[in-house]
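Residue numbers (the UniProt record's numbering), protein chains in the order written: chain A, 1 to 337; chain B, 1 to 337; chain C, 1 to 337; chain D, 1 to 337.
Just so you know, the hints here were simulated from the structure itself, not pulled from any lab data.
Note that the structure is predicted; figures quoted are calculated from it, not measured.
Certain hints may be false.
Note that the list lumps identical chains together, so a pair holds whenever it fits in one copy or between two copies.
[As the list claims (entries may be wrong)] Straight-line Cα separation of at most 20 Å, SDA-like style, residue types lysine to any residue; simulated pairs:
| hint | residue 1 | residue 2 |
| --- | --- | --- |
| 1 | 311 | 5 |
| 2 | 29 | 138 |
| 3 | 311 | 135 |
| 4 | 311 | 148 |
| 5 | 233 | 27 |
| 6 | 233 | 116 |
| 7 | 311 | 138 |
4 protein chains.
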Amino acid sequence: MSIEVVGLTADPERLGYVFGGREPVLTVKPGTVVELATEDCFGGAVRGVDDLPSRVCTFPYLNPVTGPIAVEGAEPGDTVAVHFVDIRPVRDWAISTTFPHFGALTATHTTAMLHDALPERVWRYEVDVDRWVCRFQARSSEFSVELPLDPMHGTVGVAPAANEVIMSITPGAHGGNMDTPEMRAGTTAYFGVNVPGALISIGDGHCRQGEGEVCGTAVEAAMATVVVVDLIKGATTPWPRLESADHIMSTGTARPLEDAFRVSQHDLVGWTADLLSLDILDAYQLVSQAGLAPAGNVVDTNYTMLAKFPKNLLTTTPYADIHTRLRATATTYLSQR
Amino acid sequence: MSIEVVGLTADPERLGYVFGGREPVLTVKPGTVVELATEDCFGGAVRGVDDLPSRVCTFPYLNPVTGPIAVEGAEPGDTVAVHFVDIRPVRDWAISTTFPHFGALTATHTTAMLHDALPERVWRYEVDVDRWVCRFQARSSEFSVELPLDPMHGTVGVAPAANEVIMSITPGAHGGNMDTPEMRAGTTAYFGVNVPGALISIGDGHCRQGEGEVCGTAVEAAMATVVVVDLIKGATTPWPRLESADHIMSTGTARPLEDAFRVSQHDLVGWTADLLSLDILDAYQLVSQAGLAPAGNVVDTNYTMLAKFPKNLLTTTPYADIHTRLRATATTYLSQR
Amino acid sequence: MSIEVVGLTADPERLGYVFGGREPVLTVKPGTVVELATEDCFGGAVRGVDDLPSRVCTFPYLNPVTGPIAVEGAEPGDTVAVHFVDIRPVRDWAISTTFPHFGALTATHTTAMLHDALPERVWRYEVDVDRWVCRFQARSSEFSVELPLDPMHGTVGVAPAANEVIMSITPGAHGGNMDTPEMRAGTTAYFGVNVPGALISIGDGHCRQGEGEVCGTAVEAAMATVVVVDLIKGATTPWPRLESADHIMSTGTARPLEDAFRVSQHDLVGWTADLLSLDILDAYQLVSQAGLAPAGNVVDTNYTMLAKFPKNLLTTTPYADIHTRLRATATTYLSQR
Amino acid sequence: MSIEVVGLTADPERLGYVFGGREPVLTVKPGTVVELATEDCFGGAVRGVDDLPSRVCTFPYLNPVTGPIAVEGAEPGDTVAVHFVDIRPVRDWAISTTFPHFGALTATHTTAMLHDALPERVWRYEVDVDRWVCRFQARSSEFSVELPLDPMHGTVGVAPAANEVIMSITPGAHGGNMDTPEMRAGTTAYFGVNVPGALISIGDGHCRQGEGEVCGTAVEAAMATVVVVDLIKGATTPWPRLESADHIMSTGTARPLEDAFRVSQHDLVGWTADLLSLDILDAYQLVSQAGLAPAGNVVDTNYTMLAKFPKNLLTTTPYADIHTRLRATATTYLSQR
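If we strip away everything but chain A, and leave its shape as in the complex, we get (with noise of 0.2 Å):
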């Protein structure tokens, strides 16, 4: 099996900070392996516990993604695949955040109040990648405490439909800053194509986040990351999915939450339906018993929310079992590295 292997550096100028509106990068043939670079959140800015964001970043460079990458072939009514191969912590440290106005526990822009923000604060994190680990260390007391890595990507998205050119940190149909620790290696990420090429853009590695990402920022880092890309022609995909090697899932990006849940559990829903050629109530019936829903983000203009349905319940594979093929691919790509 022959793959072909490019790299994308994350040199500026193929950061962005949108979806939509830039020229490709970088064009590939579906199939293809990309060695790519993403800057952290902070665009690598944020170095120590008094480098305050609200002092180092500028609104809105904030969020850099790497990309866009164009798959050659990919028109509007088509879906992209993206399979996470490998994403792996770059730096001996990570950083994590409070920042003024933003997060699950605070009053923002949107859920304005009358209060004055809470504390910024940084918290550096060691990250030993032998060990696959990373180091909380509080900041107001002694205590410290290793937490396993697991990384992953915040923001995976391509250019959005209707022309719309959308900030990175906001989450929509297109995919983009959903913020979900499902995005791991060994995860297919499945998008709808609005544009030619479909232009897929990646960033915000995480060495692990909680569910809801409740303060607004994880675990912080640059990464190295590898992922095949591929094409699946012909198929729709309304919102983005993603395929572990145990669950299909959708995922709803919205407000109010309960919006972002029922997108998630919709999509869930109609996709069952046609994977076990269920009616429609049979399969709400099936996913209510044996689907999970954890949260995505809940701090972001936009929230997400998580729609799991366990594959051995399937009796057929979504998108004609391209995950299995694209796991061979990574397989072979670690085998030869």
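Following the hints, position chains B, C and D against chain A.
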């Protein structure tokens, strides 16, 4: 008093479907009167009860706006003022419709449900500008009733911040499709400037609409509209504001609807504190007892609420009394027309 | 015309803090005029700017309501009408306050955040019934301004369905603490009956309030109030409705606020369809163009929106024109007082 | 170790449909094992696919709970613990249904819309306790699949505060119908005490449910359940909490769903800060990176979210390690049964 008056037609090359990302079609000096034409939200394609919008309109070519108009000297950090002098339906008919999965009392793409869409139905209103009425004719019975005209623009705004390009049907901090009946002749709208020239676009004229725009569309009409466009240097306006003869008004646009309410009230409390030299809690108290809070739209991709405060309780005038000067310009213009 | 008039004091044994679960303190025939006294929402314990409610009030003994009043013959499936004849502050002062973690622009117990509470502050208004004004006095400056009186009751309702007992501060399908300025003299309120006698309670008088009751309290006052209580056999009323000289109004109480909006508009569309013999889509259309949608409260444990429709567009009268008869009773009563 | 064991049947006189307002049917000492029977949410009235719940059930006699059980010595300001030892379906069948205007993907009474209800449909599951599975049988096709049993109780709680009486289908700060799959055997649930004796009621057994309980009902079954009931004097618990072998969990119940999320995360952050002696921002940070956030229910009159934190990161045990002692009691009980 000499007034500069320019015209702007609704030719296809002057219509856009987004805010942001477009070059100006007209550049004017502050204080200029602009006579502009706008198409209806269907682009004029729905002319009778058999023209179902899902058949005769093509997404995303909905809700055309005329513009953008650049204002000389407008820079980020400034505010532009758009004073509505006259809004006049140009045809003797207007259209309202339900639209599949759009509206407040139907499942939508984000309030996703398993229901089939409600029936798509078109209502054609007779418009009599001389008598200043439009006529509702029921589709399922002989019932018919005249409603007073109260023409307004659903969509008014500027280019968004952060290099975003946003569909004209989506309201936000840049204005856009707020769909409030307060955007009528005699009102001044204020927008914070995000890009040089501000880039004002206007569309979506309504012969009238109820608060909330419940079914998703108003009495939609092409308009001959006259505005005065002006510039307030060095004044920031975080969310669109309105001023009428009797009220100052803050808008808030967000989901869920209570966040739209919070944004509008938060802005009004701060604005009132400034205008009355009150501390924020005193302003919070006074707005709580004297304010009004009507819905704008509860159907679009974002919802809009208004927060109104009576001007007779104010001791100073907002934006250095530009509203009074714009009304004087309007009076002069109308007397010379 | 002979009118039966009975009195009801606000003695502690006639005050309750819940809807449901209490025996009637008065039983009246339909058509009876009731002269009743109500305490303010603080139970009269806050008398000056140093009486912080969190110190002088004791949860759950807040927001006392006078009643319940049983209506002879009222059974589940009927509707009771409460027509407000007169609402008159009984003291020459009234109180408004912020309260920790209560209000629209603060973190609350359900919109839970890590912020400390906003400062608790008391405003004491001078009330001049002769001149029909109350005076706002800023706490942090010399600013002072008179506001017109517009007396109303924040809390009016009946015993809930399903054997529930609900705190008087919580609005719902049974009415309760809807906090809409529309509940003023001249208005008739309609409630569906859930238990024999209906069990009406009234409290929480306001000298006036803005829409939304933004800071969480209005200009709170003890009231001398006169109502006519009546019964409409066999008429169901799923959510509280109001009728004034000019409008019929449906209320909706729920969270998020768009659900309160949906409930109110859904009820108004159905009601209008009935009154105009329209099918539901024609009524949806007409309400969308002719209706108003002000906020009631956006601060209580449930939010309330109103949906208003102008009576001059109706061809029949709601509830067999009981509003007109109740106004006649009110006129007779007032002429004899 | 001597264990006191008492039984409690599900006779009609021991079933209630509310939390609060009822006398205890059993009073136990702290540490008592209670073997109790519960009916399913339909009161056993739905036995086959032709028993539509809207016909065979009568509102408000839905969702019966067994109890209330008074705990000797429990006073407001204390916490009661309910440890689930065993939950076992008692019939060889179980039921799930859609129900008109109830569920996450349908218009409801509060998310009010003009759609007709979705079809009402009943699914009858075969339950095999020996093999610990239940079988889904599609209604519109031959498809059938086994799902593992994961028995739990949807409804567990205490009498509410403020003299309220709340329907058993409504979750809140008192617990009630939270509908989380985490309420399974091996879990301890903690509730703040609002009235003397606490007055615990339990019902709504599910053979299993997905997160969110999307269609509105789970695999509903009558249960033979064993709990240990205990008392923690002087410990307050503002919202229900759970503890399993691996996680501590806070619940939040509110609308919109982001408020349920906020409540649960706010409680978990405070709880974690206490257990790790962290300041609140350090706890906010740690929970953000290490927590899980699954949906409980997104269908009931209030929504429930969970916030989970891994116990292996804790340095102290919650509630003085009562969970370990209750598990020991459970082990002893099971060895003696």
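Now for the hints, and whether the structure bears them out:
1. 311 to 5: neither (30 Å within a copy, 43 Å between copies)
2. 29 to 138: Cα proximity of residue 29 and residue 138: none, with 46 Å in one copy and 42 Å across.
3. 311 to 135: between (34 Å within a copy, 17 Å between copies)
4. 311 to 148: between (26 Å within a copy, 14 Å between copies)
5. 233 to 27: Answer is within; shortest intra-copy Cα gap is 17 Å, inter-copy 45 Å.
6. 233 to 116: Neither way: residue 233 and residue 116 sit 51 Å apart in one copy and 28 Å across, limit 20 Å.
7. 311 to 138: For residue 311 and residue 138, the Cα distance is within 20 Å only across copies (18 Å; inside one copy 40 Å).
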